Structure formats: structure tokens, C-alpha cells
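Same order as they appear, the protein sequences are chains H and G. Just so we're aligned: 195 in this note's numbering is position 194 of the first sequence, and the numbers increase by one with no gaps anywhere. Just so we're aligned: 297 in this note's numbering is position 39 of the second sequence, and the numbers increase by one with no gaps anywhere.
It should be emphasised that the hints constitute simulated quantities derived from the structure, not laboratory data. Just so you know, these numbers come straight off a predicted model, no measurement behind them. Every residue gets a Cβ at the ideal spot worked out from N, C-alpha and C, and that includes glycine. Hints may contain errors.
[Claimed, not checked] The calculated lysine to aspartate or glutamate pairs, modelled on EDC-like cross-linking and capped at a C-alpha distance of 20 Å, are:
| hint | chain 1 | residue 1 | chain 2 | residue 2 |
| --- | --- | --- | --- | --- |
| 1 | H | Lys140 | G | Asp384 |
| 2 | H | Lys109 | G | Glu389 |
| 3 | H | Lys140 | G | Glu260 |
[Unchecked claim] DEER-style ranges, computed between Cβ atoms:
| hint | chain 1 | residue 1 | chain 2 | residue 2 | range |
| --- | --- | --- | --- | --- | --- |
| 4 | G | Leu336 | H | Ser143 | 42 to 48 Å |
| 5 | G | Gly315 | H | Gln191 | 15 to 21 Å |
| 6 | H | His92 | G | Gly315 | 50 to 56 Å |
| 7 | G | Leu441 | H | Thr61 | 56 to 62 Å |
| 8 | H | Ser143 | G | Val478 | 28 to 34 Å |
| 9 | G | Pro299 | H | Ala114 | 24 to 30 Å |
| 10 | H | Thr68 | G | Ala312 | 51 to 57 Å |
| 11 | H | Ser143 | G | Ala312 | 51 to 57 Å |
What follows is each chain in one-letter form.
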Amino acid sequence: MTTKPVTPMLTITRLSKAFGDRVLFDINNLALNPGTLYVLTGDNGSGKTTLQRILAGLETANDLQLTFAGESIEGAFPARWRRDIIHVHQHPYLFHSSIADNIAYGLKMRGLAAAERQPLAAAAMQWAGLDARAGVPPKRLSGGERQKVALARAKVLEPKVLLVDEPTANLDRHARLQIVELLQKTVAAQRTVVVACHDREIIDLPGAVRLNLEGGQLTM
Amino acid sequence: MELWATTQEALRLLVTGDATLWGTVWISLKVSLIALLIATPVAVATGFALASIAFPGRRAAVVVLQSFLSFPTVVVGLVLYVLLARSGPFGDMGLLYTQTAMIIGQAIIAFPVLAAFTLASVQGADRIVRETAVSLGATRTRAAMTTLFEVRFAVMAGLFNGFGRVISEVGCAMMVGGNIAGLTRNIPTAISLETAKGEFAQGIALGIVLIVLALIINGVFHLLQGEGDLK
Chain H
2 MTTKPVTPML TITRLSKAFG DRVLFDINNL ALNPGTLYVL TGDNGSGKTT
52 LQRILAGLET ANDLQLTFAG ESIEGAFPAR WRRDIIHVHQ HPYLFHSSIA
102 DNIAYGLKMR GLAAAERQPL AAAAMQWAGL DARAGVPPKR LSGGERQKVA
152 LARAKVLEPK VLLVDEPTAN LDRHARLQIV ELLQKTVAAQ RTVVVACHDR
202 EIIDLPGAVR LNLEGGQLTM
Chain G
259 MELWATTQEA LRLLVTGDAT LWGTVWISLK VSLIALLIAT PVAVATGFAL
309 ASIAFPGRRA AVVVLQSFLS FPTVVVGLVL YVLLARSGPF GDMGLLYTQT
359 AMIIGQAIIA FPVLAAFTLA SVQGADRIVR ETAVSLGATR TRAAMTTLFE
409 VRFAVMAGLF NGFGRVISEV GCAMMVGGNI AGLTRNIPTA ISLETAKGEF
459 AQGIALGIVL IVLALIINGV FHLLQGEGDL K
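Construct the entire structure; sequences and hints are all you get.
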């Protein structure tokens, strides 16, 4: 019996980043598959966040050759890819509006009418277990709840690749488990999820693929 | 005792709706609000551009803008006077000693306050605000609008500050308005004139109006901030 080969969602043919003479990393030939959780590990300052930011088009690289969903680029990150590759910051910024408005922000940017946004945002809130907190101003949410809003805000856009930076840092065990559950649900929906973290709870998840960034090299 | 009697007279003028007094208040409000209406879009756009667009000479532009904050209003009046006087380059327009001249002067005075507040608030906003918007699919323009919306209370503080500065300034209004009764006499120039004449009641009444206006403006601002907090 043969298994059907998986087509990678995102392939890094070449990606390098240097600050002056110091090469932060130089990555060649790495394929990231859909429905897989990648855990990006490495010492502080090894470039985990920078790598994620480059892959999300938020920062430039010195050399960039990527193939995403069958389309190859060289040089500049195409803005249109931002529709499908979303980065979630370690300390997510929540806009000064309601939780629902935060979650619906990306939908609004995509031109969806309020009537279309509302049910999608409500479903994403339910997905993240935020229903009971709907009326709470974002600034009064806990760290774990803020992460959940950020994940729901990304999830509602149905990205093909989700890049999450240290989502469980400084959270208590209960909140960590809730975040891990959301990440697993995202992977189950056949998304490519890359999480930068040091959290054993995530590193040791069944099926998780560890990517270690060390000395400028990324090893699997 | 005389102060108490004068204050009582001032209050009487206020509550009886003294036409001269309230006419002066109306001119003040009209001129200052129109000046702000003109200055605000340009100043906010300038402050935002200075905060978010890198270009050669940006630092020098910021220094010049911030220097204008401490520019005496009477100097603005003087420059405007020279420009609008009959012998000046814009003398033919006949704007000197009109409300239009006062509006131009007050818009110039409000501009650096509004632009500097916008500049500081946008600079103070974390880079993550813009990046979050971009990451969620906002175009550069929409991300800029989102950032501006996120710092709206700081920009509004600049607006109220600018209003406070123009409604109470006397130097420019006196020079280019000429303090003509019923036409260009506003609260500060009227207070100055009435005091010089020894008519303290009118001056005190107008002073009360200025103080009440300041209280209302601050009250409105805090009310709006409170709503923003609760959203």
C-alpha cells in the first residue's frame, strides 16, 4: 500500500538574514506541510521571531526564495500572501474596541459587510471559548485570554499558514492547555502551524515536528 | 468689597443675556472653531506623516514644528499683519481687521499644537499596532488609519489643547482683528480693553465664560475618554 505524497504548503528554498556582518541565519530547502505542527526552538536571540516575521512578510530578508501554495517568489514577499500567512505576536495587540470587533477586523479589511462578519466572528469566539467574555473590554482580559482573542482573530481568516510566537510564555498551566488545544484544532483543520516556543507541553505534542534554530542553521 | 460687587455685576450681565457680552462670546467661539476646523485635518496629516514616513530632513522638520509650539502668538500676528496690511503682498484682499484674518491667525497658532500632539501619539503607539493591522490584511493606508484611530484620544487631547490656546490668545487677534466691537472683538481682546477702561464687570464676566468653557471642554474630553475605556 502506498501513501499519497504530501504537497508542502510552504517551501523555503533559501532564506538568509544578516545584521551587518553578523549572519543571523541562513536556511536552505525546508518544506512545511499542511496539517502539521512545527515547533521552532532555539536560544534567545537565535532569530526565531525574526524568521517568523520574515515568513509573514513583516520584515525583509537578505535573500528570500519561497514557494507558497504552488507559487514561487524570489526577493520581495508578495503582499497578497498576507491573506494566507498570518503572524500572531508574543504579546498580541488588541485594538481599543470590543472582542468581537477585534476578531472581525481582518474580515472588515477583506471587505466583508457587517452582516457577514458578525456570524463568523461569533463562531470564532465560540471556537476560542470566549463567549462568556464577549462583553469584557480587551484591556481587562488576562494574558491567556488575549492570546485566545489573537488566535481567534487569525483563525477567522482561515490562513493556510499560522505563525505563532511564544503563545504560552508567562501563562499559567490552565491557560497554556487552552492555547495548546486551540493550536491542535488549527492543525486538525489542515493548517500549517509554526510555533516558536520553549514550552515542553507543545514540543512534546504527538505529531509535532521540532525545528531547531542554532548557529544560524535550522535543523529538523 | 469692590471685587464682590464687580463679580455680582458680572454675573448679572451673564444671566440677563447682555447682548454685547454674548456677542463677543459668539465671535470668539465662531472664529476659534472655524480655525480649528481648518487646521485639524492638515495638522493631523502632517503629524502623522512626520511620525510614520522617513524622508531626508524629517528630524529638522520635527524640530521646527516643536519650536513653533513656543512661538509667541503676537509674533504670528505681526507676520500676518505685515502680509495682510495694505502695503503687504496680500493687502489687496482687504482681509486685515476681519474675522477671516483672525481665523487664519488662529489656524496658524493651532497647527503646531495639533501636529505635535499627533506626532507624539503616533510615535508613542507601538509598532505592533501597525503590524497587527498589516498582518490581518490591512493595506498601508488602512493600517495608518487604524493606528490613528488607536491613538484618537491623544489626538483629541491635542485638539482640546489647540482650542484652549486659540480661544484665549490675545496677541494675534488684537493685531489682525483690530478689536472692532461686534465684528472682531473676541473674549481675550474684550477683557484686555474693558480692563484698560476700568470696566471690570465685563472683563470678569468674560473671564468666567472662558473658565466655564475650559471646564466644559475638559469634562467632554474625560467623558469621551471614559467611553473609550469601557468599550
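Structure-based check of all given hints:
Restraint check for lysine 140 of chain H and aspartate 384 of chain G: satisfied, since their Cα atoms lie roughly 15 Å apart, inside the 20 Å limit. Using a Cα cut-off of 20 Å, the hinted pair lysine 109 of chain H and glutamate 389 of chain G holds, with the two alpha carbons roughly 16 Å apart. Our distance criterion of 20 Å between C-alpha atoms is broken by lysine 140 of chain H and glutamate 260 of chain G, whose separation comes to about 54 Å. In this structure the supplied range 42 to 48 Å is violated for leucine 336 of chain G paired with serine 143 of chain H, their Cβ-Cβ distance being about 58 Å.
Checking the proposed 15 to 21 Å range against glycine 315 of chain G and glutamine 191 of chain H shows it is violated: the Cβ atoms sit about 51 Å from each other. At about 34 Å, the CB distance of histidine 92 of chain H to glycine 315 of chain G disagrees with the hint of 50 to 56 Å. For leucine 441 of chain G and threonine 61 of chain H, the Cβ-Cβ distance of about 59 Å falls inside the hinted range of 56 to 62 Å, so the restraint holds. For serine 143 of chain H and valine 478 of chain G, the hinted distance range of 28 to 34 Å is satisfied, since their beta carbons lie about 33 Å from each other.
A C-beta distance of roughly 28 Å is found between proline 299 of chain G and alanine 114 of chain H, which places it inside the suggested range of 24 to 30 Å. Hint check: threonine 68 of chain H to alanine 312 of chain G, Cβ distance near 32 Å, so the stated range 51 to 57 Å is violated. The hinted range of 51 to 57 Å is not satisfied by serine 143 of chain H and alanine 312 of chain G, whose Cβ atoms lie roughly 37 Å apart.
Comparing the model with each earlier hint shows violations of hints 3, 4, 5, 6, 10, 11; every other hint is respected.
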